Amino acid sequence: MSETRVAMRTSNPAKTVDHAMIVGWGVDANPQNDPTYPYRDRSEDDHSGEWQRPTQQEPDIELLKSVEHKWLPAVFGTASPPSGLSGSMRRLAFRWSESNWAHWLLLIGADRVNMIEGVIEDLAHSQIPNIPKEMGVPAEWRHNKTGLIKKVGVTAAIVGTVTALFLAQKKAREPEMRNALNP
Amino acid sequence: MRAMNYRGPYRIRVDEKPMPRIEHPRDAVVKVTRSCICGSDLHLYHGMVPDTRVGQTFGHEFCGIVEEVGPEVENLKAGDHVLVPFNIACGQCHFCKQGLFGNCHESNPQATAVGGIFGYSHTAGGYDGGQAEYARVPYADFGPTIIPDWMDPDDAVLLTDVVPTGYQAAEMAGIQKGDTVVVFGAGPVGMLAARSAWLFGAGRVIVIDHIDYRLEFVRDFAPAEVYNFKELDDVVVFMKKTTDGLGADVCIDAVGAEATGSMLQTILGKRLKLESGSAIALHWAINSVKKGGVVSIVGVYGPTGNMVPIGNVVNKGLTIRANQASVKRLLPRLIEHVRVGNLNPKAIISHRVPLDDIADAYHIFSDKLDECIKPVLLPSAA
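So the protein sequences, as listed, match chains S and L.
Using my numbering, read the first sequence as starting at 1 and increasing by one per residue.
Using my numbering, read the second sequence as starting at 1 and increasing by one per residue.
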């Protein structure tokens, strides 16, 4: 943990303009015209953008930082650093700003890949995930038996129909395949 | 320690995880005594928030006992009972200096639009949360507040998010005495927003939802007029009719990204994820408020975009006010409201669940089973 404390100053182009040179500067200013009252306290708003920064937490994990940040914020979480294919996708996503859809769509894609990686990780640790329990099926059984039976029934019907269609299509193609192999 | 472990959309469990440690001189480690599942946790649970990583522990509403403090924390000591605001705020950056503690610039590397939030994806800083036996609390010399001796811990845990968020929804709405206030959403935040609207002098409070048991609860809790939108032909026309054709003075969106009520928004936002969830509640709020009125948004949306009638915002001359609740700013006022009995937050707690049964608790809350309003998790070590 670093003990460094840095006072930051953001550039403010307005400071390069002498307001005294602007005819009518501030004549219609009205302190009561504040749509952020009362949740924003402007009494200390000096427009300087300066503050005494907190002590910097030293990163001991890989950290992805928004390109919109001027510096690394003083504290951060250290849960689940990026790893695997999903980690590569996240690294790529952080090339773009928060204003870019590619940034967010890649992150959502990485989340889905990460879900599969999680199952693989469980199996690698000889842990078979109890998916019904993780999804709260016992609670569904306690409080909504009919709904659960309906969901299982609908899912079974869809899976059964898709499987039957697939098998029927495969069977229909068998003579064509045989003819193709034995002309 | 035992902690919630996210495995993917709709899949969570409790596992053994390493104990949190002091990682910064202003950190504390807190032994969690109570944590809640928030409606916004369901956005994570449903896989709607980008950069929600497998292995993370959720939970941004918790209170507990200070276990250990870092060398720069002088106002807390081991053994103090504290409630922990969901915002991670340094208290000294450009935004914190203005009381915008939900917008801290020193707590979230992954995004600039939002400050750090406990257990709320890497888009909100990548912190593990309080749905665990222990939690790391950054900026512990600023955020956590010692729970007064007289306060029920059930009230204390609700002061970490749901009460300030509901209250700030009403505060941002700029309610004047006699105003008609419409709250979209009868979840815990909507309930507190409706209750708080009276504290600001509302003349009439209306709550809209489609879940009857919640509407029945808020009718007495707030109290409020309640309507099930599924029984209305057109929510906006109904609102106009019930306000002499003018619209409400104030509309509050206390729903956010998972609103029900529009097939188009559901497909685009919730199924295809081409927008940041379904924004139908906000759509109704904009169209139901009167010209020159105020729309206050505390419902949580994702970081991309949403389909809302922005042209009507311009043409009607609306004021839109929105933010994450600035919990630390509001706590002194809210603690006083609880003390004198103006607010009774713990009344909304419907379920107390051992931490080990968290998967059931999420499912019950998500699917609105067993008339669930607000589940509280109890770690076995508490």
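Any given hint could be a false lead.
[Unchecked claim] Here are some, though not all, of the chain L residues that point toward chain S, as calculated from beta-carbon distances under 8 Å:
id, residue
1, H46
2, C93
3, E106
4, S262
5, G292
6, A322
[What the hints assert, rightly or not] Below, in silico cross-link-like pairs of lysine-lysine (DSS-like), each with a Cα-Cα straight-line distance of 25 Å or less:
id, chain 1, residue 1, chain 2, residue 2
7, L, K240, S, K65
8, L, K346, L, K316
9, S, K150, L, K31
10, L, K270, L, K291
11, L, K270, S, K151
12, L, K97, S, K151
13, L, K316, L, K31
Simulated from the structure, these hints should not be mistaken for laboratory data.
As the structure is a computational prediction, the values presented were derived from the model and not from experiment.
Just so you know, even glycine gets a beta-carbon here, dropped at the ideal spot from N, CA and C.
Here's how the hints hold up against the structure:
1. H46: violated (11 Å)
2. C93: Result: holds, 5 Å to nearest chain S Cβ.
3. E106: Interface hint status for E106 of chain L: holds (4 Å vs cutoff 8 Å).
4. S262: It is violated, given that the least Cβ distance between S262 of chain L and chain S is near 22 Å, above 8 Å.
5. G292: violated (13 Å)
6. A322: violated (10 Å)
7. L:K240 to S:K65: With a Cα-Cα distance of about 47 Å, the restraint between K240 of chain L and K65 of chain S is violated, given a limit of 25 Å.
8. L:K346 to L:K316: Distance ~39 Å between K346 of chain L and K316 of chain L Cα, so the pair is violated.
9. S:K150 to L:K31: Judged against 25 Å, a Cα distance of about 42 Å means the pair is violated.
10. L:K270 to L:K291: violated (30 Å)
11. L:K270 to S:K151: Since the Cα atoms of K270 of chain L and K151 of chain S sit roughly 20 Å apart, the hinted pair holds (cutoff 25 Å).
12. L:K97 to S:K151: violated (52 Å)
13. L:K316 to L:K31: violated (50 Å)
The structure is inconsistent with the numbered hints 1, 4, 5, 6, 7, 8, 9, 10, 12 and 13, although it conforms to all the rest.
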